[in-house]
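> Chain residues, written in single-letter form:
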Amino acid sequence: MTHSDFAKIFLDVCLDISLVLLGFAFFLTIGRIIRGPTLPDRVLGLDMLTSVAIGFIAVIAIDTGNTLYVDIAIALGLVGFLATVAFARFILARGKTADDDEKQDLRKFDDKRHERDGDAAAEAGAGR
Amino acid sequence: MIDTILMVLAGLLILAGSAFAAVAAFGILRLPDIYTRMHAASKAGSVGSGMALLALALVSHSGPEALRAIAAIAFFLLTAPLSAHLLAKAAYAVGYRMWGGSVLDEMPELAVTTRQSDTPSGRHPEPNAHSGIAGQGES
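If you're matching them up, the sequences are chains A and B in order.
Per this note's numbering, the first sequence starts with residue 1, numbered consecutively.
Per this note's numbering, the second sequence starts with residue 129, numbered consecutively.
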């Protein structure tokens, strides 16, 4: 086996493994989007989804040799960036709705400490 | 010979990039609050896609394609921190809480004028009535 044969086989194996890993990442991100308790979590999940899709596009472009897809990757990145900015503005304009506090299931681990810190912060705020 | 080396290098880059993306997705699922999730997603996600595009630039045979891939990398490195920062700032200004185990919060209280909520609040008697922290939310 020559060196170039080895390189081709190695690249093929790497492409297969990376497709599996990227699909795994895609599903985990979709799980966060579905579960995500609040709106910023979902927006973050969508942002992550576009970057994973760009990784997919690059891997498939290497696999098939069809590098026209890179233009689509650039356009997808632009759209994802603009969407995230617009969603951030929307979060800022919407304000916090009352049921966000209920949905935000921050882990139970430190609830007492959190309340204590909240009291300390309240005192500091009163002192200012 | 150069081709062989470039192909092996591209394979390693693809592996590393997709592993970064998978770790980022795992972090986005497991970490406790929005800010730590953002830490995982924005860094590892952009590095993952950037490594895949760099591998594409290495194995492509014509110049313009490689340049296009490098331009895409530069574009992502410019925009990913911006969008993550903007989202974090919006979430903090509106008053989404940090995780209870967070050690330090150096951000001052932001004087952001948020509009009243668009959703009808009739079902909820008092906004922020059960919030543990004073000074957040609509002030």
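Possibly wrong hints are sitting among the right ones.
Stated by the list, open to error - Derived Cβ-Cβ restraints for the label pairs, each shown as a range:
no., chain 1, residue 1, chain 2, residue 2, range
1, A, His3, B, Ser230, 45 to 53 Å
2, A, Ile30, B, His213, 46 to 54 Å
3, B, Leu232, A, Ile17, 32 to 40 Å
4, B, Ala202, A, Ile34, 13 to 21 Å
5, A, Asp16, B, Leu195, 43 to 51 Å
6, A, Arg42, B, Met129, 24 to 32 Å
7, A, Asp5, B, His189, 30 to 38 Å
Unchecked claim - Some but not every residue of chain A turned toward chain B, in silico, with C-beta under 7 Å:
no., residue
8, Leu21
9, Gly23
10, Tyr69
11, Ile72
12, Val85
Note that these hints are calculated values from the structure, not bench results.
Just so you know, even glycine gets a beta-carbon here, dropped at the ideal spot from N, CA and C.
> So, for every hint listed, does it hold in this structure?
Each hint tested on the structure:
1. A:His3 to B:Ser230: 45 to 53 Å: 52 Å, holds
2. A:Ile30 to B:His213: 46 to 54 Å: With a Cβ separation near 25 Å, A:Ile30 and B:His213 fall outside 46 to 54 Å, so the hint is violated.
3. B:Leu232 to A:Ile17: 32 to 40 Å: Hint holds: Cβ distance 39 Å, inside 32 to 40 Å.
4. B:Ala202 to A:Ile34: 13 to 21 Å: 33 Å, violated
5. A:Asp16 to B:Leu195: 43 to 51 Å: 28 Å, violated
6. A:Arg42 to B:Met129: 24 to 32 Å: 49 Å, violated
7. A:Asp5 to B:His189: 30 to 38 Å: 19 Å, violated
8. Leu21: 4 Å, holds
9. Gly23: 9 Å, violated
10. Tyr69: 9 Å, violated
11. Ile72: At about 10 Å, which exceeds the 7 Å cut-off, the nearest Cβ of chain B leaves the hint on A:Ile72 violated.
12. Val85: 6 Å, holds
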